[in-house]
Amino acid sequence: MSDVRGSVHPLLGDDRRRMAGFCIWAPRALVALAMSAGMLMGFADRSGAAERDRGAQIAAVCASCHRVDGRDHGIPSIIGLDEATLVAEMRAFKSGERPSQIMRIMSLSLTAEDFTAVARYLAAQRKDTNPR
Amino acid sequence: MTDCTRRTFGCLIGVGCAAALTARVARGQAKGRVVVIGGGVGGATAAKYLALSARELEITLVEPKPRYTTCFFSNLYLAGLRSFASLTHGYEALARQYGISIIQDSAVAIDPGAKTVRLESGGSLSYDRLIVAPGIAFKFDAIEGYDEAATQTLPHAWIAGPQTQLLRAQLEAMEDGVFVLTAPPNPFRCPPGPYERASLIAAYFKRFKPRAKILILDAKDSFFEQDLFQDAWERHFPDMIEWLPGQFTGGIKAVDPKTRSIKTASDSFAAAVANVIPPQVAALLAQKGGLVDASGWCPVDPLTFESKQQPGIHVIGDAAMAGDMPKSAFAANSQAKMCAFAVAALLTGSQAQSPHLFNTCFTFLAPDDAVSDAISFKPGGGTIKIGDISLSQVGESEQTRREAARAADGWYDAFTHDVFG
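Protein sequences, first through last, are from chains Z and U. In terms of this note's numbering, the first sequence opens at residue 2 and continues consecutively. In terms of this note's numbering, the second sequence opens at residue 10 and continues consecutively.
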């Protein structure tokens with residue numbers, strides 16, 4: 002149970018990740034309240050949802066090779082990097098400056114706007130999903 | 010609400026906390042019910058990403074087996090380089106962390122009119138959208154003498170599980186002689202798979218049974234990344250592996266399990282151990298559900314993976330005919346995510362973004378010599394076409410290949426975590 006916060010999936014909507022905190026720390030009544038409110042709004046319904054959804058859906062592609070709980074068992078973690086670093090890395094893969102068969106193909110399929118959306122999305126995961 | 014409070018209480022006493030996070034809405038409040046048939050890579054990924062993208066859906070995953078054994082990386086197990094347990098994954102996290110209902114049962118029939126799935130146990134499930142990821146079946150009539158019973162002597166080991174363990178046991182018990190592998194016609198699950206299997210079993214033989222030989226009888230005249238494999242076979246296992254194309258043998262015609270012999274149009278080969286990988290079609294449920302066309306596979310919409318034959322039913326993974334996408338676990342995972350986003354959008358009004366479809370493949374040519382390939386795909390003209398492609402080349406440095414072998418292990422860990430974790 003001690004690692005519950007770390008086990009919350011970073012691709013969950015904000016409301017659910019906030020509830021991860023509630024679940025551990027808040028009194029029962031608060032949890033029930035938070036849950037009933039949280040249930041009514043999926044992350045797609047909130048404001049600013051379009052870019053976030055775009056970032057989340059591209060991040061889902063990343064998750065096929067990169068663990069999104071911040072652990073690294075041979076493929077580098079992409080959680081915990083800031084937005085600018087992530088965008089710079091993706092650009093370097095796309096230009097071929099940083100060689101990688103797989104990352105070149107991934108980055109070629111993404112636009113500059115995609116880079117920003119996914120980098121912003123991944124960078125936002127740091128604090129609440131990987132509290133080490 | 011009652012249901013919710015009860016689960017929340019469970020959280021506070023330290024049981025099922027994660028389940029409380031993702032507790033699905035109480036019955037009757039759901040915006041939609043999605044049933045996913047098949048707990049392989051495609052089905053498990055679809056269920057998980059539906060749960061992640063739309064909280065207000067009720068998601069049920071139907072799978073008869075309590076645990077799933079991955080076919081990918083099972084060649085490492087056959088070569089003694091990985092444990093069977095390391096290939097096996099349960100559904101606990103999908104249930105606990107994502108609130109998915111796991112039903113351990115077989116789906117035996119689909120009624121697209123009533124939108125119900127009938128289960129072997131006699132029960133029935135209603136759905137608003139159905140996702141079918143049933144995998145492959147074998148064309149047992151294609152090779153004379155190769156039926157269900159023959160698989161107990163001449164394993165296919167192409168659906169991982171007891172068949173994989175049987176083949177490993179036969180290889181361990183084998184003394185000198187020839188290991189015969191028959192490779193199927195296109196399309197089939199995992200295009201480099203049969204040849205990777207030959208490579209890794211050769212590595213096992215080289216170490217433990219140096220006089221043993223490997224004969225590949227192919228239904229085809231060429232195979233995926235043939236130059237890479239043949240280069241590696243010459244470098245690592247000279248004179249151990251022989252590959253005979255279909256045009257040379259006239260094709261694989263019959264087997265005799267009693268004598269472990271394989272007959273081609275022109276010859277008969279006696280095997281010490283034989284691995285018969287038969288021609289393949291979409292699994293039986295897809296056939297019975299009216300989802301397959303004359304090809305034996307399921308035609309789908311390239312954006313939503315909705316069946317072109319049965320509206321409201323989506324097909325992903327090996328059973329789907331997804332244009333240029335290969336039948337691989339990675340492709341199934343990629344399709345499952347796009348399908349999940351599309352289904353969530355259809356049921357909740359959320360927005361599915363432009364699809365990103367990929368295949369990445371780590372292939373072992375020898376235990377320390379692996380290659381990684383990547384392909385992106387684009388929907389267009391009613392099908393899915395290759396976008397960009399990057400394939401490994403003959404002559405890459407030893408270091409590159411060793412690094413790919415190490416990356417492959419890291420990939421397996423991350424990928425199975427993405428699907429089941």
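Some clues are possibly wrong.
[Said to hold, decoys possible] Here's a subset of chain U near chain Z, in silico, CB distances under 8 Å, partners left out:
1. F350
2. G389
3. S399
4. D422
5. H426
[Stated by the list, open to error] Selected chain Z positions facing chain U (Cβ under 8 Å, derived; list incomplete):
6. D54
7. A64
8. G71
9. H74
10. I76
11. I80
12. L82
13. F94
14. R99
15. M107
Because the hints were derived from the structure by calculation, they are not lab data. Cβ atoms here follow ideal geometry from the backbone N, Cα and C, with glycine treated the same way.
A quick look at each hint next to the structure:
no. : hint : result
1   : F350 : 6 Å, holds
2   : G389 : 13 Å, violated
3   : S399 : 4 Å, holds
4   : D422 : 4 Å, holds
5   : H426 : 6 Å, holds
6   : D54  : 6 Å, holds
7   : A64  : 5 Å, holds
8   : G71  : 12 Å, violated
9   : H74  : 4 Å, holds
10  : I76  : 4 Å, holds
11  : I80  : 12 Å, violated
12  : L82  : 16 Å, violated
13  : F94  : 11 Å, violated
14  : R99  : 14 Å, violated
15  : M107 : 7 Å, holds
Hints 2, 8, 11, 12, 13, 14, counting from the list given before, are not met by this structure.
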